[in-house]
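Listed here are the chains, written in short residue letters.
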Amino acid sequence: MSATVMRAPAAQPLDRHRLLVLGLVWVILLLCPFWIPFIGGYTSLGTRILVLGLAAMSLNFLIGFTGIVSFGHAAYFGLGVYGCGLILRYVTASTPLGLVAGMLLGGLAGTIIGALITKRRGIYFAMVTIAFQQIFYFIAYKWNGLTGGFDGLRGFTRANINLGFANLDIIKNDYVFYYFVLFVFAIVAGVMGLILRSPFGRTLLAIRENERRARFLGINVERHIWLAFTISAIFIAIAGGLYALLNNFADPSSLYTDLSGELVIMCVLGGIRVFWGPLLGAAVYVVLQDWISSHTVNWMFFVGLIFVIVVMFFPRGLLGILRRRSEA
Amino acid sequence: MDTNHEQHTKARVRAMSDTPMLEVRNATKAFGSLIAVRDVSLTVQRGELRAIIGPNGAGKTTFFNLISGFFPPTRGTIVFDGQDVTNLAVPERVKKGMARTFQITEVFPELTVHENVRIAVEVAAGYALRPRLSSSERAGVDHAIDDLLERTRIADKAGRLVGELAHGDQRIAEIAMALALKPRLLLLDEPTAGMGEQETFEIAGLIRRLHREENYSIVLVEHDMRLVFHLADRITVLAEGALLADGTPSDIAANPDVQAAYLGHAA
Amino acid sequence: MLQLILFNLFNGLIIGAFYVLVSLGLSMILNLSNVINFAHGNFLALGGYLAYVLIPYIGFWPSLLVAPLLTAVIGYLIEVSMISRIYGRDPIYSLLLTFGLAFMIQDACRYIWGVNGLPLTVPNNISQPLSQTYFFLNAYRLFLVAIVAVSVLGLFAFLRYSRMGMRIRAGILDLDTVSALGINVRRLRSLNFAFGIFLAGLAGVLAGGQIGLNPNMGDNLLLPSFVAIIVGGMGSLVGTLLGGLTIGVAAALTAVVWPAASDVVVYIIMAVVLLVRPRGFLGEEGMQ
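Line by line, the protein sequences are chains X, P and E. Position in the first sequence counted from 1, then plus 10, gives you the working numbering. Position in the second sequence counted from 1, then plus 97, gives you the working numbering. Position in the third sequence counted from 1, then plus 809, gives you the working numbering.
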């Protein structure tokens, strides 16, 4: 029990347990197109899970690791969707540029809204995020000429990526598109993991754990929450861009409260204290929703029931039940 | 022992410069019509350990919160090391060298002791916004953590979650975090509140070491009289929000007003 | 032009009146239970549908009281059986719970009463226009404003003068002390929740008479009502009242000049208020 043996995990580069989890997650993700048909799925379902999982993980950067609840994160996701879609539709057929545009649009909105709301806490923070989300929803909904309004933005497709030595056919080949999405996912998840293990990331954990203590250590809590909100908006906007590429379509429901609620339930369902929790939550939620809506027109009732059951009986989520300690 | 203590104190105080560590001038704090602190002044010299005592509701904690910047005074001035800090926000006061602990321990319960102290060390080193550290910076942080854990004698529990520790150990972890900020003035709000006999003894020992061996200037609010008279260089007594007495432990013990205030409350 | 402005102003007042009823209920629940009730708009729809069922048997006027009461009873049961169990937990859980309940109630209404809208019949003698020039002034709309005004006055009188109302107000200020005084906080919250739902049910019946019934009829009222609370100031019911009227009228007047922006203007107002006066019109300093 000497201090050296018990050295805290944060000080260690990567301990064995974490390496094991990391390896397992990546093997599952890399092999997804091969095993998913065996459980009745298809490649683009895997892609959809990956995209929504990334969105939920981005939101969980706030919920699970900064301790503040945004219930309006569909706004920044949706701005990523539209940012990407608008570039592809009106400016240039370039997939990377579309993703960057979506990221910038969502990130910019997150920076501005974040600055307005950092003084609020708890339920009031959630409420203000919900309300601000509506601005973007109405803009997308009412600005017919640009966004296609209620019917959504059509008439664009993701463009193949020319690497010089090879041309990635992400338009027609679902496999290639899956691995393209996985590549972007890996970058974002990697950056997120690095931030959480950095001194800055630890100040976010500190704010989550005890805001008063954090303040009396000299942390500028408002500024850090603002930064965390902005970073989270940038991440989720990238996921939004991928969503636009996945569907070749953008519509106002990607900015709507319902999606925000679904992203939050994905986080909780998987486990908010675990880095990969929201990805698992997204997988379970997407598959369940898919299954329910193919069996009954009243799928909304049962989706609502999932929310209620998770809250009442599994508040710590699937991975939260397995382990208490956070991954980050 | 006692005379030894007093000589020791005098020698140390003499060795310091003349600017007091902390000077509170005529501080008043009103909450609406309720005046919690009324016109209290106090001067703490460098290297001094000052205890603030008083019956329940005397305004000790409010006064303490004025010093640490939890809220600003309604009237009055707070001068820290020659600089007016009356209207400075908490993070600025921390940067100037004030660190505090709370009556109800404030820690990061779901992180380990090591992680708790690490966060404090990194923030104090100005790394709070850094995405990464160089290897020499990291080594410096690790060294500072180990040093703090040694000095507070909690290294053996470094890997444990703070929330799972006993009350006294949580308090020690909190003090270690405060020390990580390299404060010139340590503010301790009822450090032994809710502790058992053994825990009180350990924390008293820690405070004593910090004061005598590491020369920290300390202001503490405390209700445990044995501890106060044992540790303090000077004692400030508050009653009903106002200053009742200010002096060495032996002065205070002999002061009839203080006895009356405590007895009056006891009766 | 004047007629158009008056028309929109009056419309704004009507919309504002609905915002007020919905947001006062939401605000009461938020203040005492620290819960955002996402299902509030669906309780509103439920109130309307219950009136639709009751009117053939007991007529419009009794239904105006009975339907909201029944809605309140349902709300009370849901609060006691589910929502009250998660008080004191992280706010994320109450958000998700009421969010799920919103889905469930909405789909249940759809299942029982159908996807298509249903009319809610209003007595003939109050649905005629009162004037040719001011065609928008019919007796029903005037009644509507009057009923909302009476309910709001009644609510404030209840909170000020009744024993329970005083307890609710005290509970908003300091729940621990109220609890220490031996008041059953749990029951107080349940009843307070039921009051809030009663107001939603009332709004549902009134709105049904105005625009008809459909399963998502509350959705368009819910989010602006959040804004009414934020703009008015968290913790202040009078603030909520002012906030509701302000955004209703502002949205209606915007509709005169730029119809497409009338929905967004509500949120612009909120952004400006948050920027200029973060605690809202009448909010407490600490309540953010």
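For the record, the hints were derived by calculation from the structure and aren't laboratory data. Predicted model only: the values in this text are computed from it and were never measured. Glycine is no exception: its CB is placed at the ideal position from the N, C-alpha and C atoms. A couple of the hints might just be wrong.
[As the list claims (entries may be wrong)] Subject to a maximum C-alpha distance of 25 Å in a straight line, what follows is the list of computed SDA-like cross-link-like pairs (lysine to any residue): (1) K193(P) x R222(X); (2) K193(P) x K152(X); (3) K129(X) x A186(P); (4) K129(X) x R1086(E); (5) K192(P) x K152(X); (6) K152(X) x N1023(E).
[Unchecked claim] Here are some chain X residues pointing at chain P (derived, C-beta under 10 Å): (7) L40; (8) C42; (9) V194; (10) V198; (11) G200; (12) L204; (13) S208; (14) E219; (15) R223; (16) L227; (17) G228; (18) R233; (19) R283; (20) H305.
> So which of the earlier hints does this model not fit?
Replying inline: Hints 2, 5, 7, 8, 9, 10, 11, 20 contradicted; others consistent.
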